[in-house]
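Let the sequences and hints guide you as you build the complete structure.
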Amino acid sequence: MPQQIKRLISVFAIFIALFLIMRQVLKPESFGELGHYRAKAIQENTMKELHYAGSDSCAKCHEDILKDKSLGFHKQLKCEVCHGPGLKHALFIDKVNTAQIPDSLVLYKPIQRKDCAICHQINAARIKIQFDTINTSMIHQINVLDHNLMDLDTKVEYKCIDCHNPHQP
Amino acid sequence: MEDHLQNLYEVLSKVEGYVYPNEIELNWSILIVLYPYITGLVAGAFILASLERIFKLRILKPTYGLALLTALAFMLVATMPLISHLGKPFRAYEIMITPHLSSAMAIFGFVYLWYLMVVLLLEIWFDYRRDMVIWANETKGFKRFLYKVLSLWTTDISPKAVALDNKLGYIVTVIGIPSAFLLHGYVGFIFGSIKANPWWSTVLMPVIFLFSAMVSGIALVMLIYILLTKIRKLSIDMACLDMIAKYLFYFLIIDFALEGLDQIHRIYEAEESFEALHKLVFGKLFFTLFFMQGLFGTILPLLTLGTFQFYKPKEQIRKRIYLVVASLILVGIFFMRWNVVIGGQLFSKSFYGYTSFKIGLIGAEGYLMASIWLIIPFIILAFLLWLLPPWKKIEVDHEI
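Chain order of the listed sequences is A and B. No gaps in the numbering here: position 56 of the first sequence is 44 in the working numbering, and each next residue is one more. To convert a position in the second sequence, counted from 1, into the working numbering, add 32.
These aren't lab readings, by the way, just hints derived from the structure by calculation. Note that the structure is a prediction, hence the values are computed from the model and not measured. A portion of the hints provided could be inaccurate.
One-sided excerpt, in silico: chain A residues whose CB lies under 10 Å from chain B [as the list claims (entries may be wrong)]:
#1 Pro16
#2 Ala105
#3 Cys107
Below, computed lysine-lysine pairings styled on DSBU-like, alpha-carbon distance capped at 35 Å [as the list claims (entries may be wrong)]:
#4 B/Lys381 to A/Lys102
#5 A/Lys36 to A/Lys97
#6 A/Lys(-6) to A/Lys55
#7 A/Lys(-6) to B/Lys278
#8 B/Lys262 to B/Lys180
#9 B/Lys192 to B/Lys381
#10 B/Lys46 to A/Lys(-6)
#11 B/Lys227 to A/Lys15
#12 A/Lys36 to B/Lys88
#13 A/Lys(-6) to B/Lys93
#14 B/Lys172 to A/Lys(-6)
#15 B/Lys262 to A/Lys66
#16 B/Lys425 to A/Lys(-6)
#17 B/Lys390 to B/Lys316
#18 B/Lys46 to A/Lys97
#19 B/Lys227 to A/Lys28
#20 A/Lys(-6) to B/Lys262
#21 B/Lys381 to B/Lys88
#22 B/Lys192 to B/Lys180
#23 A/Lys97 to A/Lys48
#24 A/Lys28 to B/Lys120
#25 B/Lys199 to A/Lys(-6)
#26 B/Lys278 to B/Lys93
#27 B/Lys316 to B/Lys93
#28 A/Lys102 to A/Lys143
#29 A/Lys102 to B/Lys46
#30 A/Lys102 to B/Lys390
#31 A/Lys15 to B/Lys120
#32 A/Lys147 to B/Lys46
#33 B/Lys346 to B/Lys88
#34 A/Lys66 to B/Lys46
#35 A/Lys(-6) to B/Lys175
#36 A/Lys63 to B/Lys316
Idealized CB from N, CA, C, for every residue including glycine.
Structure follows, in structure tokens:
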């Protein structure tokens, strides 16, 4: 076999061998066991810290509010969407069984105009509102900068919740 | 609340009409424009080299080695814009380690590797092996060591061994042509197969990319050849330059015809996306499409090169015009990639709105980063020309 062919074959053989070795070394552990992904990724995801408790946990103490909510436009909305993640809050109650919750575990109360604006500020990219008909699958949109902004006499800014009950708007 | 709404209004001020939330920001920016551009330059330069070798256009001999080295210099950088675009660039190797057959990008890794290892490096190696053996004996120190390593410590330069090099080089070039077509056709395929995007999704896309690649690669070698002879203070081989210009003209006609066909087809079909695309072309893409790509990048070079086919001005004038034409084509093809990549993301897939694109100077996706990836291939090329100067090679007739 000519000299140059021998050398080339050796170089390519070394390259392919290196590639295969690197592949074995670099291939993530547990890859391919269940499919084209790392099987351990599932385990890793289950080990992630939980933050949300779920509405059922809220119902244990706040059943009256959930009942109110079930009658209004916000009936599909989960409590933690507005009040933030509440797992620590719920676990504390489960363990300590007292109504005296430390300040750090008290959940957020969205009472400012900006809180409602997150969903209700008018925006062309949101679900369109049909004329005069509002059904619960649509998000009602208003211009928060304009809509009943303040008391004209006292110049005090109105909050949305002054007129609308957030649990049954 | 003012801050919150201010942010919202700032974001929405980029938008006209209705766009989906994930369409406001362009995810594929200038680096993704560079990827098909640089890959195209590689494929084009290689095709020019193979015109000499396979299609026996001996007149192109002065640019054969230069075209191959240009292809290699750009090939080494071709994936860098993609990798630097990634959020986690050090994970880039994973597409090679655990490739999925349904991933067009993962397969590109192998197409790229095939082209680099089996086509370009092998062809250059067979072409330069004898010279590297000779240069290893003539030089000293590090350069000598480098030649020895590069020639894989081979020493046989008997006529028989050289004839074998020549024959194998020829075979590699024959394999190389479909490979070059595959490489750049594949880049077009990646865009053309995105069926959700009517600006990209056309079966003509791979062919259009391929011919625009040939045009840009040939223009690049032409430009480098003119500049290099000027720098080396040599007289240029006008017959060779005229022949390159002739082929550039032919490929430019095909490229123009294909792109025209694509647009005519789109206009005649007038699918539901047509209104949105019509507004895009006459709005946000007007300057880059009609002026940069169309007028300066295609029509002017076509008219000039076309005129030269039956009327040839003096050499000096012709050389300068070739220089301008090659530069115009290179800019034009860059904007062709721009219009495809950026244009395809400017309109909403709802066909009801448009977003806008602003590029910064600095940052991972800015002009500076992009220019770095465009300058580095020239530095690599300068190194390759120092190491493997085609003009110092012993002339080998590629007849076999």
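How the hints compare with the structure:
The closest approach between the C-beta of A/Pro16 and any C-beta of chain B is roughly 7 Å, which is under the 10 Å cut-off, so the hint is satisfied. Restraint check, A/Ala105 versus chain B: the minimum CB separation of about 6 Å is within 10 Å; hint holds. For A/Cys107, the suggested interface contact is broken, since its CB lies about 12 Å from the closest CB of chain B, more than 10 Å. Taken as a hint, the B/Lys381 and A/Lys102 pair is honoured in the structure, with Cα atoms around 31 Å apart against an allowance of 35 Å.
In summary, the hint linking A/Lys36 to A/Lys97 is supported, as the alpha carbons are separated by about 27 Å, within the 35 Å threshold. For the proposed pair A/Lys(-6) and A/Lys55, the alpha carbon gap of about 82 Å is over 35 Å, so the pair is violated. Taking the CA atoms of A/Lys(-6) and B/Lys278, the gap is about 41 Å. The hint is violated against a cut of 35 Å. Restraint check: the Cα-Cα separation between B/Lys262 and B/Lys180 comes to about 32 Å, which is no more than 35 Å; the hinted pair holds.
About 62 Å separates the Cα atoms of B/Lys192 and B/Lys381, which puts this hinted pair outside 35 Å; it is violated. Taken as a hint, the B/Lys46 and A/Lys(-6) pair is broken in the structure, with Cα atoms around 61 Å apart against an allowance of 35 Å. Proposed proximity of B/Lys227 and A/Lys15 is supported: the alpha carbons are some 32 Å apart, at most 35 Å. For the hint linking A/Lys36 to B/Lys88, the alpha-carbon distance of about 65 Å lies beyond 35 Å, and the restraint is violated.
Using a Cα cut-off of 35 Å, the hinted pair A/Lys(-6) and B/Lys93 holds, with the two alpha carbons roughly 30 Å apart. Distance check on the hinted pair: B/Lys172 and A/Lys(-6) sit about 26 Å apart at the alpha-carbon level, within 35 Å; holds. A hinted pair counts as satisfied when its Cα atoms are at most 35 Å apart, and B/Lys262 with A/Lys66 does not qualify at roughly 73 Å. As the CA atoms of B/Lys425 and A/Lys(-6) are separated by approximately 24 Å, the hinted pair is consistent with the 35 Å bound.
Pair hint B/Lys390 plus B/Lys316 holds up; C-alpha atoms about 12 Å apart against a cutoff of 35 Å. This hinted pair checks out: B/Lys46 and A/Lys97 have alpha carbons roughly 33 Å apart, not beyond 35 Å. Restraint check: the Cα-Cα separation between B/Lys227 and A/Lys28 comes to about 33 Å, which is no more than 35 Å; the hinted pair holds. With a C-alpha separation of about 41 Å, the suggested pair A/Lys(-6) and B/Lys262 falls outside the 35 Å cut-off, and the hint is violated.
At roughly 48 Å between alpha-carbon atoms, B/Lys381 and B/Lys88 are farther apart than 35 Å, so this suggested pair is violated. For a cut-off of 35 Å, the pair hint linking B/Lys192 to B/Lys180 stands: about 20 Å separates their Cα positions. For the hint pairing A/Lys97 with A/Lys48, the CA-to-CA distance comes to about 19 Å; that is within 35 Å, so the pair holds. Simply put, A/Lys28 and B/Lys120 have alpha-carbon atoms about 20 Å apart, close enough for the 35 Å limit, and the pair holds.
Taking the CA atoms of B/Lys199 and A/Lys(-6), the gap is near 16 Å; set against the 35 Å cutoff, the hint holds. With a CA separation close to 15 Å, the supplied pair B/Lys278 and B/Lys93 stays within the 35 Å bound. For a cut-off of 35 Å, the pair hint linking B/Lys316 to B/Lys93 is broken: about 44 Å separates their Cα positions. With a C-alpha separation of about 18 Å, the suggested pairing of A/Lys102 with A/Lys143 holds against the 35 Å cut-off.
For the proposed pair A/Lys102 and B/Lys46, the alpha carbon gap of about 23 Å is at most 35 Å, so the pair holds. For the hint pairing A/Lys102 with B/Lys390, the CA-to-CA distance comes to about 30 Å; that is within 35 Å, so the pair holds. Annotation: proposed proximity of A/Lys15 to B/Lys120 holds, straight-line Cα distance about 17 Å (limit 35 Å). Among the hinted pairs, A/Lys147 with B/Lys46 is consistent with the structure: their alpha-carbon atoms are about 30 Å apart, no more than 35 Å.
In summary, the hint linking B/Lys346 to B/Lys88 is supported, as the alpha carbons are separated by about 28 Å, within the 35 Å threshold. Of the pairs offered as hints, the one joining A/Lys66 and B/Lys46 holds, with about 33 Å between alpha carbons and a cut-off of 35 Å not exceeded. Proximity of A/Lys(-6) to B/Lys175 is assessed by CA-CA distance (about 24 Å); at most 35 Å being required, the pair is judged to hold. Note on A/Lys63 and B/Lys316: the hinted pairing is violated, with a Cα-Cα distance of about 44 Å set against a maximum of 35 Å.
Violated hints, in rising order: 3, 6, 7, 9, 10, 12, 15, 20, 21, 27, 36; the structure is consistent with all others.
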